[in-house]
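Engineer: If you read the protein sequences in the order shown, they are chains A and B. So the first sequence is numbered by the numbering used here: it starts at 1 and just counts up by one. So the second sequence is numbered by the numbering used here: it starts at 1001 and just counts up by one.
Everything labelled a hint here was simulated from the structure, so no lab data went into it. A quick note: this is a predicted structure, and the numbers were derived from the prediction, not measured. Mixed in with the good hints there might be a few duds.
[What the hints assert, rightly or not] In silico negatives: residues of chain A with every beta carbon more than 10 Å from chain B:
#	residue
1	Gly196
2	Glu213
3	Leu234
4	Gln238
5	Asp285
6	Gly301
[Unchecked claim] In silico DSS-like pairs for lysine-lysine, Cα to Cα no more than 25 Å straight-line:
#	chain 1	residue 1	chain 2	residue 2
7	A	Lys344	A	Lys37
8	B	Lys1003	A	Lys294
9	A	Lys297	A	Lys54
10	B	Lys1003	A	Lys254
11	A	Lys89	A	Lys236
12	A	Lys32	A	Lys344
13	A	Lys148	B	Lys1040
14	A	Lys216	A	Lys254
15	A	Lys54	A	Lys89
[Said to hold, decoys possible] Facing chain A, a subset of chain B residues (Cβ under 7 Å, in silico):
#	residue
16	Gly1016
17	Ala1042
18	Arg1044
19	Arg1046
20	Cys1105
21	Thr1147
All C-beta atoms in this analysis are idealised placements derived from N, C-alpha and C, irrespective of residue type, glycine included.
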Amino acid sequence: MADPTFLDSTELVLNMGPQHPSTHGVLRVILKLDGEKVLGTECVIGYLHRGVEKIGENRTYQMFAPYVDRTDYVASVSNGLGYCLAVEKLLNVEAPPRAQAVRVILTELNRISSHLVWLGTHCLDIGAITPLFYTFREREMIMDIYEKYCGARLTTHAFRIGGLQYELYEGFEQECRDLCDWFLPRVDEYEQLLTGNRILVARMTNVGVLTAEDCKAYGVTGPMLRAAGVPWDLRKAQPYSGYEQYEFEIPTGKNGDTYDRYLVRMEEMRQSVRIIRQAADRIPDGPIMAKVPKVIKPPVGEVYVSIEAPKGELGYLIVSDGSTQPYRVRIRPPSFINLQSLDKMARGALVADIVAIIGTIDIVLGEVDR
Amino acid sequence: MRKLLRRIFLVDLVEGLLVTFRYQHPKYITTEQYPAERPKVAERYRGAPRLNNNPETGETLCIACNLCALACPETLIVVGSERNEQTRRKELTTFTYDTSRCMFCGLCEDACPVDALELTQDFELASYSREGAIWDREMLEDGPRPTKYKY
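With the rest of the complex left out, here is chain A:
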């Protein structure tokens, strides 16, 4: 092997994060660079590890519900729904229709607010600062509905095992409808700002391409899988909480690049509005809580329930040993699994594309580390 000369480029190992603003939390990525080209990446996670799964083993079923909100704190309502559905399946009860309709509305609002956070921060990473302010303005309205309904804005603890704790407040349906009416033109506005923008298009197209085969191999779900052209949505594939009653479409992309994922998420927000409108029009009357004993002691067994969270398939595996506390709670977080595809997407990309690729996965580190 010849001695290296000054003409050879040397490989550079660069640490990105954990305090980097574009890693969306405390993700640390070790980049191996050749000039501006990325040769490989390695994710170092665990900076936000709180041992949520272990906490679950030391809490009763009701007590653990507020903790799951704190895994994916941007989409806490979806987390709560997944957990409640899992325990309900373990207990073999079903939430009453009224509770189910309200759950659908709140989780779809949550999908919108999660996508709004993604849109604002993702565009901020790429260089468009303006959308962040607009998206957070709309998110604030959704937060206000949460605050009025259950008393908290971010980590809501809105659902209880067996249904809902709180009855709807006066004018909830109307507020949801007003929000939908206000929100749809705003999505068009974001599109006007971003979709045609040549800087954004140039930074997104053919960046972080993940084909359908790659997605399946990595277990990637959610908008990333749909952007690769696979119309897989758990709301359609295995409907839960009464999703089969609502009409909506699954937006899909073609190339599976960052731009397609952007378009898919934008369209998903519109579809969520469609679901909210349908659900708000026909919230059935009736009880909001199923018959659930005060002390939850599920029979011995094991359940896995997965729902379509804003970021992908969110699953809860709960093993019960017949006592008041779960024997094991395993959370299948979409962000964690989707993050594994980072290396595949980043190889051969440029350094500047890394932030776009991390942004497009839409990770929340609270969920990655748990």
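Keeping the supplied structure of chain A fixed, place chain B upon it in accordance with the hints.
Structural biologist: Structure of chain B alone, referenced to chain A:
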């Protein structure tokens, strides 16, 4: 041709800027001037805890049943009680609530059978010391004390 003209005249950028400039009007201001202008939180807001007294007699509503302490996921509530020999009933002596560990999930409030413990709309919980975050019965019964700011 149209595409070329759009490119030359930077139509995509102008379209985006139009949206930005549309929001320059002062009526679109959404910033709240926080201490001067206090946000009105919702009725169900879960904030600072309060131990309610009977408004007529001034006696505490709490029956020292300890259900809130049992419901709390963080076990941050400690209820001290004493059995009254004459009435044979439990009476509340001390009540501590560690707000530094509280995550305001509302489970204690739901568990309370007599509506004695309540999470109020007060959201200003900061204190200068860690000890200040642990509230005793007196503080809990006083209720929210909104911070006064001088300008």
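Engineer: In ascending order, which of the hints set out earlier in this document are inconsistent with the structure?
Structural biologist: 1, 8, 21
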